[in-house]
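Undergrad: Chains E and H supply the protein sequences, listed in that same order.
Using our numbering, you'd call the opening residue of the first sequence number 94 and step up by one each time.
Using our numbering, you'd call the opening residue of the second sequence number 1059 and step up by one each time.
Where hints are given, some of them may not hold.
[To be verified] Using C-beta positions, here's what the derived DEER-type ranges look like: (1) Tyr1306/H / Leu165/E: 31 to 37 Å; (2) Glu117/E / Glu1433/H: 45 to 51 Å; (3) Lys1395/H / Val106/E: 40 to 46 Å; (4) Asp169/E / Gly1181/H: 51 to 57 Å; (5) Glu1293/H / Glu155/E: 30 to 36 Å; (6) Glu96/E / Arg1152/H: 40 to 46 Å.
[To be verified] Okay, the calculated bits of chain H under chain E, using three or more residues with CB under 8 Å as the criterion: (7) 1205-1217; (8) 1239-1248.
Simulated from the structure, these hints should not be mistaken for lab results.
All C-beta atoms, glycine included, are put in the ideal place defined by N, C-alpha and C.
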Amino acid sequence: MGEKEKEEKFKTVSIPASLFKKIEERIKGTEFTSVASYVTYVLREVVEEEEEEEVPFSEEDEEKVKERLKALGYLD
Amino acid sequence: MSLPKPHGGRLVNRALSGRQKEAAEREAKELPRLKLGEELLSDLRNIAHGIYSPLKGFLCESDFENVLYEKRLADDTPWTIPIVLDISEDERRRLELRDGDTLTLCDAGGREVALMHVESIYGYDKGEFAEKVFLTTDKAHPGVTKVYRLGECLLGGSIEMFGKVEPPFSRFYLRPVETRVLFKERGWRSVAGFQTRNVPHLGHEYVQKTALTFVDGIFINPVIGKKKSGDFKDEVILAAYEALLRNYYLKENAVMSILPMEMRYAGPREAIHHAIVRKNFGCTHFIVGRDHAGVGSYYEPYAAQEIFSEFPDLGIVPVFFKSFFYCRKCMTVVNEKICPHGKEFHTSFSGTRLREMLMRGETPPPEIMRPEVAEVVKQWKNPFV
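Please construct the entire structure, taking both the sequences and the accompanying hints into account.
TA: What follows is the structure in structure tokens.
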């Protein structure tokens, strides 16, 4: 990936050096290869958590699903 | 442990209902139409039902390129197989397509089934596509052959499905929203997904049951759809699994439903794709054996296991198995990790050998295939594609 392309796809944010060091320690022995990949992963989880469901799944919807599962023999 | 969140955080639902559905049906009548073949319709349904969450449509150029080169979507979410809609130059001219247009997608019979909001129209390099996804440009590879047959243009953009795209064997078809309710109702907090395109032999059964010793449930999820010549027919696989489940599994901790999806035979990349799909169904674990989704000798036997180390953020735990075989000295099914005996005591679960036996009308020995399963398979004069 070229420098320009990288600049367009990734942005730099700053975190305190002490936190950076803690994360470095935390990812040792894991498959995260950099602090950036770990921070991206954690932030994505947080952001996704806050986003609302596209189509809320109501109790009524759940009952319909259970009925179908019963009709197909998946549930007694 | 609890069931995982869908890939990308939420289950996509692009299957319209109620007033939205009616409005889309009306709008569809006024728009240019594009007919889709069986495999594209399968992808369309998989997007609409959230099986491919977080995809809301066919890949736009930025996602396509990122998937090709980085094995991730443009927002860095792991994704390894390009889900693309191809058209020829002629079709593009006929449709007079531009970014921002909306299209009506139809099935082979011309029935309107979905709207597509075209966000991106782009060309691509077929050799590069094949090389990156299949690690080869050899046209003898079935996935590569298919890439070279694709149209010259790809269309990216979100879809909204309003028509029924009926899956084959629909009584075995469950959407992720349904499997998640099913797993919850069964009280499963951990579920191992098992991908298959074969009739089950004892090696498969041992893998599944070994996984079942540490998870609450096993989710057997055969891929139904276009396969290469020599693979088992879909109806044979389903009947064989029904026989196995009826005779050898506890109903309360095993479920089978189908995944209508084309096999790509992309080996390591497809193993990641298969894991993502099972995560969307609600699986916490995914079983990866020897040469997962491979074909011929294009991939190293355990390459499909090694690739998982590139995805610490996948959100589903891969469970790796060596290949199993029957040992006459151990008198059971084992693998190289647990059997100390020499090869002279081993009978492998060779697919080729099994096929040859079944083609000759022979019943495979019970240490290879359950008699009830063999009986079912033998009911077909030709059980192969």
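Undergrad: A separate judgement is required for each hint: does it hold in the structure or not?
TA: Hints, one by one, checked against the model:
1. Tyr1306/H / Leu165/E: 31 to 37 Å: Given range 31 to 37 Å: violated, Cβ gap about 21 Å.
2. Glu117/E / Glu1433/H: 45 to 51 Å: With Cβ atoms ~59 Å apart, the hint is violated.
3. Lys1395/H / Val106/E: 40 to 46 Å: holds, 45 Å
4. Asp169/E / Gly1181/H: 51 to 57 Å: holds, 54 Å
5. Glu1293/H / Glu155/E: 30 to 36 Å: Since Glu1293/H and Glu155/E have Cβ atoms about 32 Å apart, the given range 30 to 36 Å holds.
6. Glu96/E / Arg1152/H: 40 to 46 Å: Cβ of Glu96/E to Cβ of Arg1152/H: about 41 Å, so the range 40 to 46 Å holds.
7. 1205-1217: Three-residue rule not met by the stretch 1205-1217 of chain H, so violated; n is 0.
8. 1239-1248: holds (count 3)
Going down the numbered hints, you'll see the structure goes against 1, 2 and 7, while the others check out.
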